[in-house]
Amino acid sequence: MELLLQQVMAGLANGAIYACMALAVVMIFQAIDHLNFAQGEMAMFSTFIAWQLIAWGFPFWVAFVLTVAFSFVAGVLIDRVLFRPVQNAPILSQIVAFIALFSILNSSAGQIWDYTIKSFPTPFGHEPLFGGTLIDTHEAGMIGVTLAMLGLLYLFFRGTRLGLAMRAAAANPESARLVGIRVGWMTALGWGMAAAIGAVAGMLIAPIVFLDPNMMLGVLLYGFAGAVLGGLTSPGGAVAGGFAVGVIENLAGTFIPYIGRELKLTIALVLIVIVLMFRPSGVFGRRVVSRV
Amino acid sequence: MTAVREEQAAVPSAPATGMIRRRLNLRYLGLIIVILAAAALPLAASSFVTFQVTEVMIYGLAILGLNLLTGFNGQFSLGHSAFYGIGAYTTAILMHNYDVAYYWTIPAAGGVCFVIGFLFGLPALRLQNLYLALATFALANAMPQILKFHALESWTGGVQGLSVDQPDPPGFLPIDSDQWLYYLTFGVILVMFVAAACLIRSRSGRAIMAIRDHPIAATAMGINSSLYKTLTFGVSAFYTGVAGALGALAVAFVAPDSFTIFLSISFLVGLVIGGVGSIPGSLFGGLFVLYVPNIANSLSTGLAGAIYGVILLIVIFVMPSGAAGFVRFAAGWLARLRQS
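Residue numbers (the numbering used here), protein chains in the order written: chain A, 1 to 292; chain B, 1 to 340.
Rough simulated footprint, nothing fancy, chain A against chain B, three-plus residues with beta-carbon under 8 Å: (1) 134-144; (2) 263-269; (3) 311-318.
Ranges of calculated distance between the beta carbons of each label pair, as one might list FRET restraints: (4) A:L155 to B:S202: 49 to 59 Å; (5) B:D257 to A:E127: 36 to 46 Å; (6) B:D176 to A:F210: 42 to 52 Å; (7) A:T160 to B:S226: 38 to 48 Å; (8) B:M221 to A:R286: 22 to 32 Å; (9) B:S202 to A:M277: 27 to 37 Å; (10) A:L3 to B:E153: 23 to 33 Å; (11) A:F210 to B:Q145: 18 to 28 Å; (12) B:T219 to A:E174: 19 to 29 Å; (13) A:P128 to B:N297: 43 to 53 Å; (14) B:S163 to A:P280: 37 to 47 Å; (15) A:Q6 to B:G111: 41 to 51 Å; (16) A:F210 to B:D257: 17 to 27 Å.
The set of hints was computed from the structure by calculation and includes no laboratory data.
Keep in mind the model is a prediction, meaning the values are calculated, not measured.
Cβ atoms here follow ideal geometry from the backbone N, Cα and C, with glycine treated the same way.
Put together the whole structure using the sequences plus the hints.
Dropping the structure here:
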């Protein structure tokens, strides 16, 4: 029982990382209707900028705010400059454009900041929480920030005119345009928000996985898995999915004898696929019904 | 009576059919020239170039497999590195552990992949678009781990992988083993490309494409959507598996980390650059996937990834529907130019 609890807590701590990423993935999916393969690399790049600002002597929170603001602007620019010209291209071509962006960001970060592993400061410290060894203050802080972001997003999408306009633009671009919503700018805004959330996620994750150009690779995989498991149409589902992936992965590694440790990633992915067999639009996702 | 009617029907469309026939003739002429040039290449080029072109053809075949599934049937896959890996390992295991002659391992690899692809196609029936992407992605991610798995080590060689003997040319031919490998690959892909073209033009091919274009209408017309989708998955895996077998023979070595998700992404890039739903485009995709990273690397080692990305973006900006789409567009433009 003690072991189970410990593994669940450790899984939740990992899951918080994935949940952060899954939330960013779902945000951009809401805005542009595709998965952004470069999402992790965008977050990594933002985190490097925060690291650079801190290295130049800025206090943590100033660097944090500057980075989030910068990421927002960069996200909007990426949409306007890179993805505007290909918005009418076939979906697969757009996916290749994401792959190109991935490659560019990864390689330039390696060139600017080189591939050595850097440590990243945390504002929450690393003391054990409640005197136990289950979870430390940074992990708790990360879970807290993720849930707070989720709450803010919920309020934004449900409670503001802009949020409503963004949802309308994503759900039905033509009708949204007819009622006077500027769909192009809503998409750009979605990119900006996704980049900003990604930056927050990156800065929360970096103290745990350390900072290097390839830090996001594994995280992004699990983030995608979490987002798809929870349902790509539901930000809350994505967060729950991220946590679930973390827990499943950890429990599979501990409790399935013989094959568990070596194949825990495989087992987690297979479980997700099995869940999708029964809920093809994710656990919390809405079924998309097509009109004939 | 029928003769008269045929004559009447033929009269108004005579210039159009003439033009189509001329274009078809040009097409066949071009095809024959390409085939002859390809057949002569190893006699003229260095063995390094021969080897590289062999690899281009192998990638082209793997991309054709993906194209059959994604381009013609509309099912998205990030898992083709797994089928490529299964094909390669089938060849390696049969040759290394059971001393099977290399030419028997190629159809065996295809067969194994067909069965696994068909079986994987069954759960894939329930999933669409991104959810299918995730499922296939899971397959691609699981493959290297399964190949490294310690209980299978006596078969797969674990992390170290297996070495494969390069096939020797038959004694009566005065060529070396690189050239023989080239001709072997060339023969296999020639047969398989022609077979793919025939498949697409057949009744089954039309059914496959109808499912892509409008699944509900296709079902309403009496097409057994589930059967065709799973069969296409199998055939697609068959193509990619044969490519994997040829790849194992060419590189003379297999190891788990050659078959990661990045290989799948390369196939996807090749598919899009060559042209989704274009059979000859697959070969162009193979060319791009093999040469462009090398070019980027020769320009700057540190920024190779960035240069590759920029080239990729430029290509997508210039030809959003790939090389095949670009050729179609250019041909249409030329025809209009000639008419006016």
